[in-house]
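Visitor: Spelled out from the first residue to the last, the chains are:
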Amino acid sequence: MNKEIIIRLFTFFAGLYFVVEFILPKEINEEIGLVNIHESVSYGFLAIGAMAFGLGIINLIRIHGSKIIFLQKGAFYSLVLLLGFFSMTFFAIGDWKLNMESSKRAASIGLLQKFAEKVETTDKLELLKLEMKKIPELRDRADSLATLEDANKSSIIFQEASQKVVNEETSSWIKDGYNFLNKGVFVPLGAAMFSLLGFYIAAAAYRAFRVKSLEASLMMIAAVLVVCGQTSFTLMIWEGFSPIRNWLLQVPNSAAFRGIAIGAGVAGLVLAFRMWFSIESGSFGRKK
Amino acid sequence: MIEHATPGIIACLLIVSLVIYRCLRAGTSYVRRLPAVDAVYEAVGRSAELGRPVSFSTGLSSVGPVLYAAMGILHAIAQACARYRTKLFIPQNDPPAMAIVESVTRDAYRSVGLSSQFDPRNIVFLSEEQFAFASGYMGLIHRERVGAAFLFGAFAGESLILAEAGQQVGAMQVAASVSPEQVAFFIATCDYTLIGEELFAASAYLSDDPIQRGSVRAQDLIKVGVFFLIVIGVVCASLQAVFPSFTFSPSFLFTGGW
Amino acid sequence: METATVVFAGIGTLAIFSFLIKENPFYRFFEHLFIGVAAGLLPILTIRNLLYPNVIGPLIGADIQVFPDGEIANPYNYWNLLFIIPLIFGLFYYAVFIPKVSWLSRLVIGISLGYSAGLSIKGFFAEMIPQVLGSFKPLVVPGSIGDSVNNSIFVITLLLVMYYFFCTFKGESTAHNGARYTGRLLLMVCFGAFFGSTVMARMALLVERIQFLVGEWWTAIF
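Note that the protein sequences, when read in sequence, are chains A, B and C.
Using our numbering, you'd call the opening residue of the first sequence number 1 and step up by one each time.
Using our numbering, you'd call the opening residue of the second sequence number 1 and step up by one each time.
Using our numbering, you'd call the opening residue of the third sequence number 1 and step up by one each time.
Heads up, a few of these hints could be off.
[Stated by the list, open to error] Derived DMTMM-like pairs: lysine to aspartate or glutamate, alpha-carbon spacing no greater than 20 angstroms straight-line: (1) K114/A <-> D63/C; (2) K97/A <-> D63/C; (3) K118/A <-> E71/C; (4) K124/A <-> D63/C; (5) K183/A <-> E208/C; (6) K104/A <-> E208/C; (7) K3/A <-> D107/B; (8) K73/A <-> D107/B; (9) K97/A <-> D176/A; (10) K67/A <-> D119/B; (11) K133/A <-> E208/C; (12) K26/A <-> E4/A; (13) K183/A <-> D69/C; (14) K100/C <-> D107/B; (15) K3/A <-> E27/A; (16) K153/A <-> E137/A; (17) K153/A <-> E168/A; (18) K67/A <-> D107/B; (19) K133/A <-> E160/A.
Keep in mind the hints are simulated off the structure, nothing from the lab.
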């Protein structure tokens with residue numbers, strides 16, 4: 001079968017599920033079991049996209065690796081990039097492993113809780129107490145379960161133990177490394193980049209808000225009125241800025257926003273149909 | 001939010017499908033002039049004269065209609081860059097989108113018979129993280145001193161950072177975003193800006209492709225339908241406000257059950 | 001270790017701010033470090049928060065638990081074996097590196113396109129239609145001139161902005177050009193309002209970073 005036809009069929013069926021799921025009434029969806037599988041199907045599709053993460057990593061390693069190997073311009077910075085990448089990968093996996101261990105311990109406590117709730121014989125009660133003594137957080141409480149009734153109503157003991165495990169702060173060089181890279185590099189650099197907007201918005205406003213045309217003037221007036229309406233200093237001068245700001249945002253602004261959104265939504269819908277049915281004349285606009 | 005289709009919605013879906021089908025077959029000859037799109041070739045030509053590279057960014061676009069629309073423009077720009085022998089950088093944020101971008105760019109170079117010019121290393125993956133991407137983009141634009149920067153796709157808070165980077169190196173910038181908040185920043189910083197759905201029309205305007213032009217025609221016809229639906233809805237709501245016994249409203253099409 | 005983290009964070013922040021003067025090696029170092037660290041962190045977070053708990057974990061039965069008496073608490077659901085399908089399709093992205101089977105990468109791209117198309121079609125009706133219905137505002141509200149005026153301005157603005165975006169209808173009449181121009185002017189009011197509403201939020205971010213430098217970072221160094 002022609003490869004293009006196979007690709008088009010897969011494209012069509014991938015989209016068909018969501019369209020059918022939306023079109024069918026909720027009652028029919030429940031009857032045919034679509035409601036039960038919807039979450040799993042959605043995760044399946046998300047997983048397909050998520051699996052592509054390696055493409056970015058391969059691209060980074062190819063470009064920066066070749067700069068290092070051939071000692072091209074910028075090789076030092078490429079080395080920094082790749083060192084940052086490999087060390088963060090190592091520490092992130094280590095941190096995940098540490099968290100998984102504590103999650104497993106919490107899960108085993110949860111399992112014992114479920115077992116305790118359905119214990120019916122003294123043999124099983126003894127088994128439960130034996131298992132509790134293996135867990136440090138439950139060791140001291142094991143003997144407090146004297147009877148079957150005690151065991152069946154002991155959920156609070158297990159919940160407290162589980163909470164202790166979850167809140168436990170494990171100190172380890174892996175966690176230190178992860179926290180250093182996360183809280184010392186990733187988070188603050190992202191915040192610093194975001195804060196550059198404070199400078200750039202002033203520069204952009206200076207450049208744009210000049211009374212050189214009616215359009216620029218209107219844009220400037222609207223912006224100034226909104227800023228005045230949300231700054232305590234200008235509100236001290238005149239309280240009327242606040243209702244003007246609110247009116248601007250709630251009436252003309254939201255109407256224009258809706259007009260743009262409807263137009264973009266319709267355009268997206270038409271394009272979605274083209275994507276779904278793979279309607280293209282060659283590749284993206286190649287003239288016939 | 002509507003969670004399931006009503007008979008009215010199915011009827012609309014069928015009408016929309018029919019309109020799209022008819023328009024895609026028939027195409028259209030007229031698409032309103034978009035100055036920002038005219039500026040695309042001007043920008044690439046200017047970069048070629050100055051001996052500076054061009055950059056094209058799809059921002060934070062993931063696989064979807066917005067990326068699909070941007071690919072039409074990328075195809076045209078890549079063809080122009082190939083002809084002018086100008087380097088084209090395409091910084092990327094999303095790995096699946098990167099796969100599509102590479103495929104489209106390669107095809108654009110092949111379509112003008114200059115496959116040898118295509119260098120996959122110019123498709124630079126920066127980061128999936130919004131501000132790591134912005135910082136990489138800023139550095140790339142400054143180091144390479146691009147002559148033209150195109151920003152077509154989905155952008156968020158980093159839009160102003162990206163646009164300012166191009167502004168600082170004196171690049172001619174053309175931007176398009178469906179998000180009105182970011183369009184405001186692009187208008188303040190870029191030379192030309194496409195607003196909202198003009199992004200979707202741009203690719204049709206650049207090419208003579210009947211399917212793309214038919215697609216824009218279908219958009220307009222559906223919007224005419226929505227336009228008159230709103231007019232009817234407003235008239236009905238006004239009559240209802242004045243005459244409370246008047247209860248008709250077109251909203252029953254979308255909110256009725258099965 | 002915490003002190004070192006704060007000190008390094010402050011140096012990185014200053015490096016980013018140094019870009020405002022010009023692009024420099026100090027900024028470049030931290031730019032590359034940021035990209036590298038992000039590239040290392042995000043894929044692990046994707047696997048940790050999305051792939052493993054929702055796909056890989058159920059597939060391999062990682063959540064199966066056994067009671068102390070040997071009874072299985074939650075038996076393996078054999079339908080989970082189907083999760084191997086999206087994982088295999090996901091691997092097709094890497095077929096682009098193998099020329100003989102590179103068409104498989106187009107297959108998985110096609111699946112992504114189809115899936116997002118389906119979601120977009122659903123999204124249009126689910127999200128846009130309520131916005132259209134919400135626009136059915138009465139132009140006359142008995143007893144409230146303010147609401148009547150506001151609704152009228154809202155509806156006229158909406159319709160004029162929609163009119164501005166018609167791309168394939170030719171029109172040379174004064175009414176057509178006037179309506180389009182008015183729509184464009186209303187768009188400029190909208191963009192100005194958006195610009196103004198984000199100014200304070202952006203300034204707040206800058207203030208927060210400066211507070212970090214002047215407070216936490218400075219104290220950590222001295």
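Visitor: Now tell me, hint by hint, if it's right for this structure.
Guide: Against the structure, the hints come out as follows:
{"no.": "1", "hint": "K114/A <-> D63/C", "result": "holds (15 angstroms)"}
{"no.": "2", "hint": "K97/A <-> D63/C", "result": "holds (16 angstroms)"}
{"no.": "3", "hint": "K118/A <-> E71/C", "result": "holds (12 angstroms)"}
{"no.": "4", "hint": "K124/A <-> D63/C", "result": "violated (23 angstroms)"}
{"no.": "5", "hint": "K183/A <-> E208/C", "result": "holds (16 angstroms)"}
{"no.": "6", "hint": "K104/A <-> E208/C", "result": "violated (38 angstroms)"}
{"no.": "7", "hint": "K3/A <-> D107/B", "result": "holds (17 angstroms)"}
{"no.": "8", "hint": "K73/A <-> D107/B", "result": "violated (30 angstroms)"}
{"no.": "9", "hint": "K97/A <-> D176/A", "result": "holds (14 angstroms)"}
{"no.": "10", "hint": "K67/A <-> D119/B", "result": "holds (15 angstroms)"}
{"no.": "11", "hint": "K133/A <-> E208/C", "result": "violated (49 angstroms)"}
{"no.": "12", "hint": "K26/A <-> E4/A", "result": "violated (35 angstroms)"}
{"no.": "13", "hint": "K183/A <-> D69/C", "result": "violated (45 angstroms)"}
{"no.": "14", "hint": "K100/C <-> D107/B", "result": "holds (18 angstroms)"}
{"no.": "15", "hint": "K3/A <-> E27/A", "result": "violated (38 angstroms)"}
{"no.": "16", "hint": "K153/A <-> E137/A", "result": "holds (18 angstroms)"}
{"no.": "17", "hint": "K153/A <-> E168/A", "result": "violated (25 angstroms)"}
{"no.": "18", "hint": "K67/A <-> D107/B", "result": "violated (27 angstroms)"}
{"no.": "19", "hint": "K133/A <-> E160/A", "result": "holds (16 angstroms)"}
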